[in-house]
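Trainee: Chain residues, written in single-letter form:
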Amino acid sequence: MANKRIDQPTGTPTVGHEWDGIEELDTPLPRWWLWTFYLTIAFAVGYVIAYPAWPMIDRATEGVLGWSSRGELAKEMSAADQARTTVSEQLARIPVERLPDDSALMQQAIAGGAAAFRVNCVQCHGSGAAGSQELGYPNLNDDDWLWGGDLKAIEYTLAHGIRQDGDDETRRSVMPPFAGAFDTDQLDALTDHVLAFSGKAASNPVGAQLYADNCAACHGIRGEGDRAQGAPTLNDAIWLRGSSREAIKRQILNPRMGMMPKWEGRLDPVTLKMLAAYVHSLGGGEDFVEVAEDPEVAVDEQP
Amino acid sequence: MNNPEDTSPPGERDWSVVVEDGIAKSNEPVSSAVADPAATMRRHEPHEPAREHLPERLYEPRKAVHNKRIDGPFRRFKWLVMLVTLGIYYATPWIRWDRGPYAPDQAVLVDLANRRFYMFSIEIWPHEFYFVAGLLIMAGIGLFLVTSAVGRAWCGYACPQTVWTDLFQHVDRFVDGDRNARIRLDAAPWTWSKVVRRAFKWSIYLFIGFWTGGAWIMYFADAPTLVQDFWRGEAAPVAYITVAVLTLTTVTLGGFMREQVCIYMCPWPRIQTAMMDEKSLLVTYKDWRGEPRGSVKKAAKNPDRFGDCIDCTQCVQVCPTGIDIREGPQIGCITCGLCIDACDRVMNDIGRPRGLIDYATLEDCEREAAGGAVKSPWRTLLRPRTIAYSMIWAGIGGALVFALGTRSHTELTVAPDRNPPFMLMSDGSVRNSYTLKIRNMESRPREMEIAVEGLPGAVMWTDTINRGEAAATQRVTVPADLVRQVRAYLVVPAGTAPQQFEFRVTSLDKQRETDVVETRFDAPEDE
Ligand code: SF4
Ligand code: SF4
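Taken in order, these protein sequences are the chains called A and B. Be aware that the first sequence starts at 33, since it is given in this note's numbering, and climbs by one per residue. Be aware that the second sequence starts at 323, since it is given in this note's numbering, and climbs by one per residue.
Please keep in mind that the hints were generated in silico from the structure rather than gathered at the bench. Please read all numbers here as calculations on a predicted model, not as lab measurements. For every residue, glycine included, the Cβ atom is placed at its ideal position computed from N, Cα and C. Some hints could be false.
[As the list claims (entries may be wrong)] Below, a sample of chain A positions facing chain B; criterion: calculated Cβ distance under 7 angstroms:
1) R63
2) D175
3) D268
[Stated by the list, open to error] 25 angstroms max Cα-Cα, derived SDA-like pairs, lysine to any residue:
4) B:K385 - A:L66
5) B:K759 - A:G160
6) A:K232 - B:D844
[Claimed, not checked] Facing chain A, from chain B, some residues (calculated, C-beta under 8 angstroms):
7) E382
8) Q582
9) Y586
10) N741
11) P742
12) M745
13) L746
14) M747
15) D749
16) G750
17) R753
18) S755
19) Y811
All chains should be built: construct the whole structure from the sequences, respecting the hints.
Mentor: If you want it as structure tokens, here you go:
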């Protein structure tokens, strides 16, 4: 052991160690310091008793207060649920096309829809909802809609899907394949005529005739499309499956048609409304126009 | 409750009886070495036998400091600083300031909930936190400046710990009497009257602590409302917790720990030693003049043998941190100057020149000890180092004031949508979407115009209007004191190439403040 000695100038004993001629005085702690130390010990003991602290083999000691982080989480979750229920109830009551009347609710619906979109829709339509021309997933940001772009139409598409078997109300349209129907020259002429709608090629009588005979019934005489049967518009700048000649020819000969799952039954009606609001808000949403029901048609449809 | 000794006119006291046989005693019979260890134990005569067989102790009990009442220029200055600083602290939250209907009318308010800081006509937003940072830097440099010029003067007069300790010491004096009476009472057994006295004193401590904590929370909410809510029990729990914590810390630190905070807990004295140099003014005992010490009587018998210090320990008795300045500069000294007041008094009484203890620089000390003259304090205050600190300090201050005067109350930030970067519309036109954030820092709602510059043919609509109303410019109303987020859809005619352009927002009032942000318009590259 190092030998202790008294430091002459201060009269204080040293701790007895020496490093390169430097010695440490053995000055006692102030009493309050010691008290603070004891207090921390007391606090630690109290804490270990009150809260989960001591790790055992499979779990920690529980603590007498019964506090747990899981319990805290459950509390916060139920508070969040509570807050959400009011919005959900309001959304459940309001028809989707009336949403724009309540802009606060609309904002909440859009926010909720954005979350639901990220979970359910990005797989096909992409995280920015821009779809894919290559794969034929429609872009939801633009103003071109196959089946209508107002809130109600969007909600309907979401609910029933596209070309879904087992749902009588699903959106369904079929373009017949024309493979073998035209020879190469005819196909070229028809392609030119289709491109001419949007000014990308010169029209020609052969193509015009072929178009009038085979295509106009669905796509309209000027390529204006028909939403009632989901026939795409051909005279605008947006092409679902590409605007190159190759892409158009391929589509005439062997049309590819996409499918969209029906979400009714898999998502609750409130989520569907929120999704519709979100898609509508992406920039291409159309105003809902109330159409007066045609009484004759209504009577006709009565069984 | 004055000390009887202090009431006798100065000059009539017989200082010569004070010191006998070289052992320091006060002129107060009770405060012998037993009752006042601070006065005697701290003096280590060079040949005093070392404490050879001290028992090892785990802790060092605090030696109570019972400082004596003193009057003099430094004491009066201390009073003044205390009145001013406490006055500012307690009164500031109650000053009203009319900011119109959309902002609180409290002159100084830290509005944590809305993340605003109000100070008279200045309003600081979170993004302007550099003002606060600048103020903190100025406070730091100011402390450097003060320290290099006048040592620990901040500690001696303005530090909250000092001010509140001083306040509590006055309470002690008021309740228990001056030094003698307090020492006697401390040593006395716990009789009923002592218990009552202590309870009374500690409740005054508590009251001061409560006021201190109470004033603090007033800075964070509307003071009159908060006071009402507080007493009705309706204030936020954090208000009660803050008051409780501050009451407790004020009473503990100011009422009981006092000089221990300055000596053991405060980091500043450690830094200060590095900030001071031989040209800084410090409270100094001029040992070349005072030593060896001897009473008036002895000096009369043996002229030329003794110095000017008559070892009356007045300087030790008045010291609020309980140190003996005659041992030389030390960390416990907060340069409050009370020992100067005390010693000057003694010198007056015995007819010797004042200034045995004085503010002096180490340089002066050497010069004076060698027989030179003291320099004027101005030469120590105005030297390259202090001037450099002052200029940096003033430079930052000037920059802050300039920034404050020229800052715009309108600000725009633009975030373009990058997924997808652009959108082809059915008529061939191209759309980009942006999230604009428009900040209105005025305390009234303002209408702002958003315009697009450098993008021919562009029209926009926002999330509040329909596509049909798209136009080259749009107007939005931004609520008072808020940031409004606007989604803007920008459409340009077919064939526009990708390019840079600017969003400009202009306030539609007489200030016409504007902010411009450059951003990018994306479009399909030419095929
Ligand atoms: S030694 Fe003098 S200046 Fe220093 S703290 Fe004590 S009274 Fe104040
Ligand atoms: S320095 Fe002054 S106050 Fe202190 S003991 Fe000497 S004479 Fe007395």
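Trainee: Return the numbers of the hints above that this structure violates; sort them in rising order.
Mentor: Failing hints: none at all.
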